[in-house]
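S.K.: Protein chains in written order, with this note's numbering: chain D, 1 to 107; chain R, 108 to 206; chain Y, 207 to 727.
Bear in mind the hints are in silico, worked out from the structure with no lab data behind them. In this text, all values refer to a predicted model and were calculated from it rather than measured experimentally. Glycine included, C-beta positions come from ideal geometry on N, C-alpha and C. Keep in mind that the hints are not guaranteed to be accurate.
What the hints assert, rightly or not - The following residues of chain R were derived to be distant from chain Y, with all beta-carbon distances above 10 Å:
no.	residue
1	GLU138
2	ARG160
3	ILE185
4	GLY190
5	GLU194
What the hints assert, rightly or not - In silico PhoX-like pairs for lysine-lysine, Cα to Cα no more than 25 Å straight-line:
no.	chain 1	residue 1	chain 2	residue 2
6	D	LYS4	Y	LYS227
7	Y	LYS247	D	LYS69
8	Y	LYS247	D	LYS4
9	Y	LYS223	R	LYS193
10	Y	LYS259	D	LYS4
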Amino acid sequence: MAVKAIGEYRFPSRSRQELYGDDQLVSVWFADNPWWCAAAMFRAPQAMTWGDFWTQMVVPYAEEDPDWKADAAYSFSLWGVPLTPRPDQTLAELGIEHKDVIALRAA
Amino acid sequence: MSDTTLSAAQRLVGVDIQESETNRAVVEAIEADNPDCSVQHMPGLVRITCPGRLVVNRETVEERLGREWETHEFQMAIVTYFGHIKEWDDDEIVIAWNH
Amino acid sequence: MTIAPDASRSASKKTRKLPMKQRYQALTRDLDWEPSYVDPKDMFPYTEFEGIKIHDWSKWEDPFRLTVDAYAKYQAEKDKRLYAVLDGFAQGQGHLSLTDASYLNTMKLFLQGVTPLEYQAHRNFAYLARHLAGPGPRFAALCQSIDEIRHAQTEIHTLSNYNKYYSGLHNYLQQHDRVWYLSVPKSFFDDALSAGPFEFLIAIGFSFEYLLTNLLFVPFMSGASFNGDLPTMTFGFSAQSDESRHMTLGLEAIKFLLEQDEDNVPIVQEWIDKWFWRGYRVTGLVAQMLDYMLPRKVMSWKEAFELYFEQQMMQGLFQDLAFYGITPPRHVEQALSEKEILSHQVYWVLYQFSHAAAFTTSVPDDEHMAWLSATYPDTFDKYFRPLWEKERRNIAAGGRHFVRGLPQLCQVCQIPMTFTEPGDPTTIAQRVSVYEGEKFNTCSDGCQWIFEREPEKYVQAWLPVHQIYQGNCGGPTLPDVLAWYGLQDGDSGEHKGSRDDLNWQRWHAQTPTGLGAEGEQ
């Protein structure tokens, strides 16, 4: 159902990918850890490797949890589909798109 | 959860009134005119509920207050209510459900 | 004033004045006119585009039968009473008689989050007072418009008394427009302001004022009463007395629309569905206020929800509206099922992001936790106590849980995506919709339904996290953003050891001869 309006009603998204240049927004959802009230959202280059994303973004965020272990085994999924990233793959190569949510669980 | 068979005459209506010197007379008047009502004191306010219908009579309030009281003055007392304001004229205010 | 009843006096008064019904009739009908040289459609251009059909505006009744003289008389009296209390407060060092400095966190949230909405309501009701095509609703909207600006002003005046002594109250207008958690109430109201006149009436007049206002205001005011905040209690009750009139306008509006044309029923139902959920999400802020922020508890969120929503609305109002074919709001079952988890989840969010807020938070103490266990026997010990125990260990080890980053937000309610799957308080709900090739995240079936119903509207949402990442909020670092938020030292973070906490302890440790603390020992 469309908005009922007094004139034409069409405006661009205020968070479309192009507003972030070569970057995109990616959320990491610590699905089995209630310490985090919500998934973390990052702005990351599409060409960033998983290894860099992990060490430069996820770990500095996650280590605020006193029980977090960066070197533990984790499993990942993207909208319910298992994801097995290699450190050298880029986010784009992994099929991670703007405003995707990567779910992370202790393996 | 709710009992869907209750009629408009059975479902509770109610009003919350600010606790004050003048309003004590208003609360007493409501209690006198609505024998089925129940009164609950909460911080700063008095909550009165009745099955089906709650009436505020000008004359009863005036008797207790010892002075003239116009029904508009009820605006100084009311904090909130539930139900429908079915009547508000010079002599009475009635809160009830319609259907 | 006590005047003995005097038969001759009241008799003469009655001959002088028309009865209420006739006075109201004279004001709202006899002063109206049919335009003769202007097409009514040009005079009232906004009453048709939403699809609502009105056949007879004269069928609108205002049960309050308010007239200009009565309105002015009683509003003036309400203001006099309030300002008498404010004078007494200032003269009597009222800022020292609260239960605790942390109580004011509720009022910081209120001033930042709610007061600006009163002003916005004033604007939109002024618009309705011009643009509704019937004189009855126009006058009711005019009164409400004046009420709303009175509320904004009296709230600002009242709370300015605390601003002299406490943090977090100095910059609420700028913060309302900028700070992440305040985008929740702001975007809610902007959504209503940008709708047509009838949707606004259902959104604010009915869903907010009638369905949810008791949940929003009465707990704040009772909380003030219970925590030694006399001025807030007084402005609150003063505003609430107007609120009763607003509730009546909302209920009258919905009945009027439903009775005017059967085609209005499905339109109104969808608005109820949408606006119940929008409003309900905003009341999450009230839920945590009741259960966590008030030093002395009035009632739990669960009790407030059962009393003001389940009993009064589900068992009262919606039985009445069933006559018109209106059903309880879509997704109401989820709201009911969340009543024992909502406040805990929302406070957990505010707690870990309070370094970026204009209020302070703290871990509940033992007594508070015992109250939470007793009040929420099925949920607190199982799901939430372990988090607080862990945080206590964290604090003992020198930590304090402040998130080092930004949360994912819901595209519709704009709350960090903390809410869980129905029936499973351990799994955060993730919903995603694709519109024109772009993904949009929502926190619940309710918010997703609202997004998908009008995606063109919600793609424009000003989401604080996304705006920070676009570089629109002062700069890339946290200090940049906090400066842009207008936060100052003492506004944010942990309450224990905060400026307000230290001042409070100092003021109450003073000897009876201490400055400004006479009689407080």
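S.K.: Work down the list of hints and note, for each, if the structure agrees.
M.R.: Each hint, compared with the structure:
Every C-beta of chain Y lies more than 10 Å from that of R:GLU138, the closest at about 20 Å, which supports listing it as non-interface. Once the 10 Å rule is applied to beta carbons, R:ARG160 is consistent with being away from chain Y; the minimum gap is 13 Å. With 10 Å as the threshold on Cβ separation, the claim that R:ILE185 sits away from chain Y is violated: the shortest Cβ distance comes to roughly 5 Å. Not every C-beta of chain Y lies more than 10 Å from that of R:GLY190, the closest at about 7 Å, which undercuts listing it as non-interface.
A cut-off of 10 Å between C-beta atoms contradicts the statement that R:GLU194 is not in contact with chain Y; the least separation is 7 Å. Between D:LYS4 and Y:LYS227 the CA atoms are separated by roughly 38 Å; this puts the pair beyond 25 Å, and the hint is violated. Distance check on the hinted pair: Y:LYS247 and D:LYS69 sit about 68 Å apart at the alpha-carbon level, beyond 25 Å; violated. A hinted pair counts as satisfied when its Cα atoms are at most 25 Å apart, and Y:LYS247 with D:LYS4 qualifies at roughly 18 Å.
Between Y:LYS223 and R:LYS193 the alpha-carbon distance is near 23 Å, which keeps this suggested pair within the 25 Å criterion. With a CA separation close to 15 Å, the supplied pair Y:LYS259 and D:LYS4 stays within the 25 Å bound.
Checked against the numbered hints given earlier, the structure breaks hints 3, 4, 5, 6, 7 and satisfies all the rest.
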